[in-house]
Amino acid sequence: MSNVSIHDVHKHYDDFHAVKGVSLEIKDKEFVVLVGPSGCGKTTTLRMVAGLESITEGNILIGNTVVNDLPPMDRDIAMVFQNYALYPHMSVYDNMAFGLKMRKFAKPEIDRRVKDAADILGIQDHLHRKPRQLSGGQRQRVALGRAIVRNPQVFLFDEPLSNLDAKLRVQMRVELKKLHQRLATTSIYVTHDQVEAMTLGDRVVVMKDGLIQQMGEPLDLYDTPATKYVAGFIGSPAMNFAEVTISGSVDTLVAENAGLRIAVPPRFAKRLASYAGKVVTLGIRPEDLHMADGSHPTDLTFAAVVEVAEQLGSEILLDVKAGPNTFVASVGPRVKAKPGETVKLAMNPERIHFFDAQTELAI
Amino acid sequence: MIEGAAWRRWVYFRVPLGIFLIFLLFPFYWMVITTFRPDSELYIAWQRPNYAPFWTWKPTLAHIKYLFDETAFATWLWNTMFISLCSTFISLFCGVLAGYALSRLNFPFAGSLGTAIFVTYLVPQTLLFIPLSEIIRNYRLGDTPWALILTYPTFLIPFCTWLMMGYFKAIPKELEECARIDGASRWKAMFYIIIPVAVPGILSAGIFAFTLSWNEFIYALVFLSSPEQKTVPVGVVSELIRGDVFFWGALMAGALLGSIPVAIAYSFFVEHYVSGLTGSVKG
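Order-wise, the sequence lines are chains U and Z. Each residue of the first sequence is one higher than the one before, starting from 1 at the first, in the working numbering. Each residue of the second sequence is one higher than the one before, starting from 364 at the first, in the working numbering.
To be clear, the hints were calculated from the coordinates, so they are not data collected in a lab. In this text, a Cβ means the ideal position worked out from N, Cα and C, and glycines have one as well. One or more of the hints may lead you astray.
Distance windows between CB atoms, simulated [said to hold, decoys possible]:
#1 Gln-358(U) <-> Ser-548(Z): 47 to 53 Å
#2 Gly-529(Z) <-> Gln-133(U): 37 to 43 Å
#3 Thr-483(Z) <-> Ser-54(U): 54 to 60 Å
#4 Pro-559(Z) <-> Asp-119(U): 25 to 31 Å
#5 Lys-101(U) <-> Phe-445(Z): 37 to 43 Å
#6 Ser-548(Z) <-> Gln-181(U): 40 to 46 Å
#7 Asn-68(U) <-> Asn-469(Z): 14 to 20 Å
#8 Ser-622(Z) <-> His-12(U): 45 to 51 Å
#9 Glu-634(Z) <-> Ser-54(U): 39 to 45 Å
#10 Glu-287(U) <-> Glu-634(Z): 26 to 32 Å
#11 Glu-634(Z) <-> Val-66(U): 37 to 43 Å
#12 Ser-54(U) <-> Leu-490(Z): 40 to 46 Å
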């Protein structure tokens, strides 16, 4: 069993509180992605699991052993770094064999494992080259190979794809996914890219300012974000937000501001009733805004002026302005909308979100 | 590189570079030509007809022969080599370890300790030799090679430490972290990963240290007295300038032969040495 448990872990650097009580249970064979902006504590958390940073407070368990005071070499983990960290003076073969040599594996066993890993990653022809003779993608494969030959309990990835160009990043992302399906090793993956998080993770943990904002399966985070931050972070283009005032009684609640007047969907009625007269944040994803036609109820539509229309082929992104609100709407590729034109947009009532304006928590 | 017309390259690049080269290399040329010039050409008035100061038609090895037969030059060479190698080795050993510790281990006062080490390098040798000579005398090391082998590190260790600190800082710390995750202890990570990667830096520190101790004059002058203990710079000057008589041919021969080992050391390691100074470790 190689589950990882992180219990209320803190990290202080002198007077900077980098990680403020993170708790996380990672099941055996699970692929968990820590995602968040730079400085959110995700890399620090990963490095504490690796043993590269001391733990100020709390416990980390790998398997069922507390590893707080174990040096990195005794934790049976492998880590892939953003800058690959290949040993420049060693050949690809020696890079991959280094960990096994340090652990005193027999020569034939080392040879077998290195060649197996090289086959999996398609670098068998480069085994005798030096890292500097390889391209970025090949180097990243070697770094992966160095991790998998050891067959560790846990893989740790620290933004491994950030140094690759966009096309290669997508390709390596798919390969990482395949690799995990094949090896089924518990993995913790740190990234600032929400697309990587969504596509790779069995579960995604969104962090900000040293705290976990929300964790869950990618689609849960997408459909029911717990905070405004998560709502805006996950999904591309990002969710639209508007400050609206709630008014009316329980059955006829209305959310409105200068450019917009929307009937509150019934499922929010109870929870929003107490906000009557107050300002809340309304959130709606671009793909949940449609061009209004006769079929949409009028109390969910609003008029907006098109500012920019971005034709992407599969869809059009409309940047629109409705009073003080600016929205991005993702509409069908054949919609005709010119800048300056006024269009009617409708919201999908099932997909509207409300957030408390102060706490930013979902209502 | 200068772009554009040929004349621009000549005016802004080749001619200034040529002047600079002549300026730098002329003393060496003079040294070589004087070494091979017979005394009969050396000690003549410059107004004499057919006086050719920049060339000789009768090259001779007499001065070199004199150097080896009449003075202890071979011994001086050996002394200098022995002292330089020993003190370079001591300084490199300490410098590499100290540089590693100061740049990689986060212990209290690492920064100020680094600065303190640098400050000791700034104390002029011309002052430091006074207290040092007292110490040398107390330990009865005077007039032995150990007087120099143990005092040269006083300026070589700070120098090596600083050079190595800078070099170690340029090596990505992930290399070492990765090695430690791969199963290496800190010592093993240092010996298998960091030191091999730092070889260019170590070589340049070593060459510098070697050159500094090879050329060192004042400590050698003060701490050594008998002719058979002397190093080349001191031996040549003290034994070949007698009062106001300068044995120019032999002096220059000594200088020439004395500078050859350093030149060889430089040319041998020049590639490593340049990359050691310009840093940059490619992952």
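Quiz prompt | Distance restraint hint 45 to 51 Å, applied to the beta-carbon atoms of Ser-622(Z) and His-12(U) | solution = violated, 57 Å
Is it true that the C-beta distance of Lys-101(U) to Phe-445(Z) lies inside 37 to 43 Å, as the hint says? Between Lys-101(U) and Phe-445(Z), where Cβ atoms are some 38 Å apart, the hint holds.
**Study point:** Range hint compliance [Cβ, Asn-68(U) to Asn-469(Z), 14 to 20 Å]
**Key:** holds, 19 Å
Q. Could one say that the CB atoms of Ser-54(U) and Leu-490(Z) fall in the range 40 to 46 Å?
A. holds, 45 Å
**Asked** Range hint 54 to 60 Å: satisfied by the CB atoms of Thr-483(Z) and Ser-54(U)?
**Response** With a Cβ separation near 33 Å, Thr-483(Z) and Ser-54(U) fall outside 54 to 60 Å, so the hint is violated.
### Query
Does the Cβ pair Ser-548(Z), Gln-181(U) satisfy 40 to 46 Å?
Because 35 Å falls outside the window, the suggested range is violated.
Q: Given the range 37 to 43 Å, decide if the beta-carbon distance of Gly-529(Z) to Gln-133(U) lies inside it.
A: Cβ of Gly-529(Z) to Cβ of Gln-133(U): about 27 Å, so the range 37 to 43 Å is violated.
Quick one: are Pro-559(Z) and Asp-119(U) within 25 to 31 Å, going by C-beta? About 28 Å separates the Cβ atoms of Pro-559(Z) and Asp-119(U), which means 25 to 31 Å holds.
Do the Cβ positions of Glu-287(U) and Glu-634(Z) conform to the proposed distance bound of 26 to 32 Å? Distance hint for Glu-287(U), Glu-634(Z) is violated at roughly 59 Å.
- Query: Okay, Glu-634(Z) versus Val-66(U) on CB: inside 37 to 43 Å?
  - Reply: violated, 50 Å
Range hint 47 to 53 Å: satisfied by the CB atoms of Gln-358(U) and Ser-548(Z)?
Distance hint for Gln-358(U), Ser-548(Z) holds at roughly 52 Å.
Requested in this report: Go ahead and decide if the range 39 to 45 Å is satisfied by the Cβ distance of Glu-634(Z) to Ser-54(U).
Outcome: holds, 41 Å
Violated hints, in rising order: 2, 3, 6, 8, 10, 11; the structure is consistent with all others.
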